[in-house]
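So the sequence lines, in the order shown, correspond to chains A and B.
Letter by letter, the first sequence follows residues 1 to 531 in the numbering used here.
Letter by letter, the second sequence follows residues 1001 to 1129 in the numbering used here.
Hints should not be assumed to be uniformly reliable.
What the hints assert, rightly or not - In silico contact screen, one side only, chain B against chain A (beta carbon under 10 Å); selected entries:
id: 1; residue: 1002
id: 2; residue: 1006
id: 3; residue: 1016
id: 4; residue: 1020
id: 5; residue: 1021
id: 6; residue: 1066
id: 7; residue: 1070
id: 8; residue: 1101
id: 9; residue: 1102
id: 10; residue: 1105
id: 11; residue: 1108
id: 12; residue: 1110
Derived by calculation from the structure, the hints in this document are not laboratory data.
A virtual CB, placed ideally from N, CA and C, is assigned to each residue, including glycine.
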Amino acid sequence: MSSRGSLMFLLHAHLPYVNHPEDSAFLEENWFFEAVVETYVPIISVLERLAAEGIRPGVAVSISPTLGAMLENEALENKLCLYVSARLELLEKELERAQHDPALLKTVKFYQKLYEDAAVLIHKYSGDLITPLKALQHAGQIEIITTSATHALLPLLTRPEAVRAQLAAAAEDYEDRFNRKPSGFWLPECAYEPRLNSYLKLSGFKYTFTESHAVGGAPNGVYSPYRASNGLGLFARDAASSREVWSSKFGYPGDPAYREFYRDLGYDGDYEYIRPYLGSDGIRRPLGLKYHRITGQGADLASKEYYDPEAALLRVEAHAADFLARRMKQTDDFYASRGTRPLIVSCYDAELFGHWWFEGPAFLEAVIRKIRAERLPLQFVTPTEYLNSCQEPQEIVPAISSWGENGYFDPWVNETNDFIYPAVYAATDKMIETANRFRNQDISSLNVRALNQAARETLLAQSSDWAFLLYIGSHSDYARGRLEAHAAGAIKLLGEVIEKRVDEPALAALEQKNCVFPRLDFRVFASVSKF
Amino acid sequence: MPELLRPLPAEDRLVLLPKNPGMFFIFWQFSRGREDSFQAASFAPEIELRLSYAEDKTAASAHKAPWRAGRAYLPVPERGGNCEAALYAMRNGAWEKLLESNQAAAPAAAVSAGDSAYGSLEFHKKVLS
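Bound conformation, chain A alone:
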């Protein structure tokens, strides 16, 4: 059956750069380990399984440079293996503890398989999970795009040099990692403003994504791509298809059969029993072993019932069918009124699938399989495929917007986090000024190293993650400490270069810790007339 419309899935995978080689068990590194086991491994497995069966997934995946760096970091890979081994060791004990409780035993066995599968995939690729993603892209199964170097919210960087540095570092990082130039760019938090059109185009990107209300007055709403006046392709996120998946209240993830995120063995287990699996501080924290299901809206944590993986999978099938029925209706309605085939662009944070919504990867697989199995008149397309095959998109001027709360920049600029911006700008301005001063000078290799590391520290200070963590009040001290350390680190290094007294041992330690963008040249921050 010929297609009546196209679906574009964009999964944006990002974590802030967290690497603490000085500590064998650093709390915030668990963000990475949990996301690998619950999101990245399951999604890669789904994509590989579909591809092996001749079902082309056709999804787009945005991988932030900071996440890419973590996925390729050997020290983190070693820690990840220890993390998985420790969970498997604990699960062996759990099998014994659950042997007289069939409902619990079923769930424990399920988790054992999850961690075993993770161990197998990690081992298969020698710990480097970029490899399978690269292979999938090379085989034309998926399209991988990038985002700003450290997930900086670009409309909040007023200096063109700072925006250019974020884009240029991201493009170079992508090319090094995936052996080709990037075509697409995911705007962190979908945060758009018109001056980004030219910056993106000048940096070699062909298209980007905007929030729904950015194209509010456009002729086809969110149902077709557009182009900016300079030819940059623009895809607008379809809010409806996102809400069904995103909302824990109104969307699929809130189903009573699905896994409950907030109840965890780390809080439930006997303290002495789980103590070896907590951090060195011994504070109870999630261990990733969550044996209960949501059970019912409003059910308190104590009254949650055991998770039944098979029952959850039945709901996944039902939700995938519902999702596709709604997309069919969307395409039918649009086709009936306009006579053209719509494009539905569904964008999600990848970590929703698996980490937050445990059944998310299974849902993704079910949606893709159903289109094929039931011969639905819908087709998955990647952004480049679509732009190559569609008619010349209409030109529009999108509105300033983001996908954050209230639709603009409130989560990143408010009373909880606005104090960070003087430090971010102090580091950024100093970096630009120093890059301009030394850009054409013949300087020692030690000074070049110091300037390059200062550029890395400046980029890391610009990350939107610190403002967001401060806003939600989660890991606030860590976020503030990181922001301060990066900004102060950049300013200190730049001062040392100017005063010709670079502290080499301290520089080497910083290079080892914040080893993102290995080829970064500090001149990326220098002023360029066309920017």
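Since the structure of chain A is provided, determine the placement of chain B on it from the hints.
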């Protein structure tokens, strides 16, 4: 309100950032010499932040703030669009312009903005509750 623990380099800076259709965020920093002038009461302790429309440079609004505050939220002027700010301080009864900001574009309000926007926020917030 949290503050950064480490001192920042003493430089003059006035930065205007977009927040939402109704509000700009602005912050300022002074070089050591300027700060000394405020400390020594050469300048009055209250500064004035003047917003103007970037296109035609016409005045849009003015807001007072203590110089030590270092930051403020300013309502977006009626016409919206591209704005810029200037910081004035009073010396000997006359306003002196000390700093000029970058241009910043205020978002236009969209009816559907709040509805369509989503965030992993609801998940994060539940973690805290």
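Structure-based check of all given hints:
For residue 1002 of chain B, the interface hint holds, the least distance from its beta-carbon to any beta-carbon of chain A being 6 Å, beneath 10 Å. Hint status for residue 1006 of chain B: holds, given a least beta-carbon distance of 5 Å to chain A, under 10 Å. Contact between residue 1016 of chain B and chain A, as hinted, is supported at the beta carbon level, the nearest pair being about 8 Å apart and thus within 10 Å. Taking 10 Å as the C-beta contact cut-off toward chain A, the hint placing residue 1020 of chain B at the interface holds, the least distance being around 4 Å.
At its closest, the beta carbon of residue 1021 of chain B sits 7 Å from a beta carbon of chain A; the interface hint therefore holds under the 10 Å criterion. The interface hint given for residue 1066 of chain B is violated, since its Cβ lies 16 Å from the closest Cβ of chain A, which is over the 10 Å cut-off. Interface restraint check: residue 1070 of chain B against chain A, minimum CB-CB distance 7 Å, threshold 10 Å, status holds. Nearest Cβ of chain A to the Cβ of residue 1101 of chain B: about 8 Å, under the 10 Å cut. The hint holds.
Residue-level restraint check for residue 1102 of chain B holds (minimum Cβ-Cβ distance to chain A is 4 Å; threshold 10 Å). Because the beta carbon of residue 1105 of chain B sits about 6 Å from the nearest beta carbon in chain A, less than 10 Å, this interface hint is met. A cut of 10 Å between beta carbons decides the hint on residue 1108 of chain B: the least distance to chain A is about 6 Å, and the hint holds. The interface hint given for residue 1110 of chain B holds, since its Cβ lies 4 Å from the closest Cβ of chain A, which is under the 10 Å cut-off.
Hint violations for this structure: number 6 only, all remaining hints satisfied.
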